Amino acid sequence: MQILMFGWEFPPLVSGGLGTACFGMTRALTDLGHEIVFVLPRTDGDGKPSHVKLVSASGVAVPDLDLEEPSVFQGLSIRSVDSVLRPYLSKGRYRSLLSGSQGSRFLTISGDYGADLISEVVRYGRVAGVIARERPFDVIHAHDWMTVFAGIEARRISSRPLILHIHALEFDRSGENINQDIYDIERYGLEAADHVIAVSHYTKKTMIERYGIDPEKVTVVHNAVTRREAGGIYRVEKDPLQKVVLFLGRITFQKGPDYFIEAAAKVLQEMPEVTFIMAGAGDMMPRMVERVAELGIGSRFHFAGFLKGDDVERVFVLSDLYIMPSVSEPFGISPLEAMLYDVPVIISRQSGVSEVLQHALKVDFWDVHELAGKIMAVLKYPSLAAEMVERSREELKHIRWEHAAEKILNVYNTCLS
Amino acid sequence: MPALCLYFQVHQPCRLRHYTIFDVNHVHAYEDGGANLEILNKVADQCYLPANRIMLNLIRQHAGQFRIAFSISGILLDQIERHRPDVLESFQALVRTGSVELLCETYYHSLAFLFSLKEFKHQVMLHKKKIQSLFGQTPKTFCHTELIYNNDLAKVVEKMNFKTILAEGADRILAGRSCHALYRPAGCSKLKLLLRDYRFSDDIAFRYSDRKWPEYPLTARKFAGWLHRTDAAETVINLFMDYETFGEHQSQETGIFEFIKAFPAEILKHPDFCFQTPSEVAATFEPSLSLDIPDFLSWADEDRDLTAWLGNGMQTDAIQTLYKMEPQVYRRNSPQLMDTWRMLQTSDHFYYMCTKWSADGDVHQYFNPYPSPYDAYINYMNILDDFSRQLHKKPSSDKGCNP
Chain Z
1 MQILMFGWEF PPLVSGGLGT ACFGMTRALT DLGHEIVFVL PRTDGDGKPS
51 HVKLVSASGV AVPDLDLEEP SVFQGLSIRS VDSVLRPYLS KGRYRSLLSG
101 SQGSRFLTIS GDYGADLISE VVRYGRVAGV IARERPFDVI HAHDWMTVFA
151 GIEARRISSR PLILHIHALE FDRSGENINQ DIYDIERYGL EAADHVIAVS
201 HYTKKTMIER YGIDPEKVTV VHNAVTRREA GGIYRVEKDP LQKVVLFLGR
251 ITFQKGPDYF IEAAAKVLQE MPEVTFIMAG AGDMMPRMVE RVAELGIGSR
301 FHFAGFLKGD DVERVFVLSD LYIMPSVSEP FGISPLEAML YDVPVIISRQ
351 SGVSEVLQHA LKVDFWDVHE LAGKIMAVLK YPSLAAEMVE RSREELKHIR
401 WEHAAEKILN VYNTCLS
Chain F
1001 MPALCLYFQV HQPCRLRHYT IFDVNHVHAY EDGGANLEIL NKVADQCYLP
1051 ANRIMLNLIR QHAGQFRIAF SISGILLDQI ERHRPDVLES FQALVRTGSV
1101 ELLCETYYHS LAFLFSLKEF KHQVMLHKKK IQSLFGQTPK TFCHTELIYN
1151 NDLAKVVEKM NFKTILAEGA DRILAGRSCH ALYRPAGCSK LKLLLRDYRF
1201 SDDIAFRYSD RKWPEYPLTA RKFAGWLHRT DAAETVINLF MDYETFGEHQ
1251 SQETGIFEFI KAFPAEILKH PDFCFQTPSE VAATFEPSLS LDIPDFLSWA
1301 DEDRDLTAWL GNGMQTDAIQ TLYKMEPQVY RRNSPQLMDT WRMLQTSDHF
1351 YYMCTKWSAD GDVHQYFNPY PSPYDAYINY MNILDDFSRQ LHKKPSSDKG
1401 CNP
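Protein chains in written order, with the numbering used here: chain Z, 1 to 417; chain F, 1001 to 1403.
Source of the hints: derived by calculation from the structure; they are not laboratory data. One thing to keep in mind: the hints can contain errors.
Claimed, not checked - Within a straight-line C-alpha distance of at most 25 angstroms, the following computed PhoX-like cross-link-like pairs (lysine-lysine) qualify:
hint, chain 1, residue 1, chain 2, residue 2
1, F, K1261, Z, K380
2, F, K1324, Z, K380
3, F, K1261, F, K1042
Please read these numbers as outputs of a predicted model, since none were measured by experiment.
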């Protein structure tokens, strides 16, 4: 089968779990003999061979015809709550959204998650039509709201079915303070798609309750994790008495870094020798640094910044326990990665990954007391950590992209028949 | 002519309260009184009372031909004495008919035999006395917690003057022999061994309401027909199961009560069949063969061994930590500490920590008040931590207990 995929991230251009998930899933699909053209906002052009054919939307020549306002925007009301940060998307505004390259037929798309994201998404959508005309394919598979316009435009050109794969929704990213534009684009895409894939039942439930989507239209396909290559394991000299507890993720509202800090303070009252590491970057970082100082736990609490490559591996190997206290996590691949390094994990119940993990400890994200108690239990009772790690190894064997790929293919086939 | 021997296990543990590390040194009450009472009331109303009423009627209706055995754990007897005297009375009424045998087990439904012989004997004697005082009957048959059994247990039980012992009729120990015979435990000279027919027993206990089972729905007539087809040369068919099967594991809506109401009459339609209690079977028949069972058996899961309670590092850690406290518990000589220590021995606490997620996983989950085995372990270890600190405190307030 030939698959036209639209995504916003793909390794090495990765800022979060989306790119990691796209990589794992496309590899499993191509291993089954399917061909994938993967359209990114831009590629870094290093020409590294990949299992998918990567296409950069940036720099694609768009004929004048395609610069007309497409029908996909009709009936879609996009308002703006913050016009400084978010551009309007109204009839008069449409042309100016394409102005990233005024007078040019080559649209520039950075692929960043900046203030100009919505206009980028619109430009990306325009290019989709061109790409869709250039090659034959059986299905269109679009990832998250950024690719909604692209997916719909490609369907308009090709009349092939559109599958929208949702890795995160606006409510996950922003809690109740949603960006109305993004919500509208999401709902528009969910309604327009021929079928929807959700990364968890948790996410499917949000689609039903917050977007009014027909449950029949949504299939849950849980993410998986790609096994690390053998031999890449870091050997770190580690003091067994020096216990390290890790948070690794964006330091944003969604990830619950504040709950991690509050729990750390409680633990340190009882076990003052424990070390806490917060790795990542994000808009809540300054407040978190302040809070750590306020609690007076700075000497046992380290901000490691945004880690890449080997440093991620090194910090996992150093850690005795991984915490994912997310407020709202559609899936959450990082606990699976921690488990690959034999690190026991505590995850919030408000996460999709908790649907597939039986050998992780689970807490409600707001229950700091319970989180602190469980952190101490893992550090204090070696039999607990040992059993979790041993069982997790077994469990990971069954969380495979191959299984996810099979479910995705079922969705394709249902849409095609 | 086979006798039909029915034994029902009646047991509810004392569930523990949610206990975090922050409670250690501050909270010394470990039981979840609310949950225990709620569950006791539910099981009493859905199972014990209606099932006892049916059993009493059946015994009267069949003029003593319908005979059954119960083993009621001490820890449950304590709970019903305190909270549900009506349930206790209904069991007493059953015993008064003379058609009911009460078996002996460890008072706290524990695994003490595996860790402390002294403690095991204590608990058996405690249970025996409890049965005598509440029911006026002296137990002659022993059944270990969850039908755990091996040669060593049989030898100890024989020395304690029991006449009969029960075990699981697991295929691996029978090696082709029948579970419908009476056996002599290896190394014993008087004790008689009855083996559970797990296929027939589980037809009722597990498969009865399973709509995917080809035999569904199981009627009393159909089931009696299967039993009647058993070889006439066989001695006894032992149907052992949890009493909570009736109305609790199998809810009233499944028709389980109608099934049991019709069952004795269907069985007795065959003139060669009769009901006997374990002691009556042992008094009527002599063992055909000696049975050598060096390794532990139980009736739990597909494995039928100890792995439901002692199958992972958390379980062995928890139970070893508990039994290591024995000398200190005795030294303190405080009835209250002793009672708490024993309550913590109930096998259910360790069962909740089981991480076997095979076909049996869902059965474990059904009985588990914790969201995961890890939570069960954490809770239990936090409590043990506090209990251990209590043990090592300088005895001050409970000095009076020292003679």
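Verification of the hints:
| no. | hint | verdict |
| --- | --- | --- |
| 1 | K1261(F) - K380(Z) | violated, 53 angstroms |
| 2 | K1324(F) - K380(Z) | holds, 19 angstroms |
| 3 | K1261(F) - K1042(F) | holds, 22 angstroms |
Hint 1 alone, counting from the list given before, is not met by this structure.
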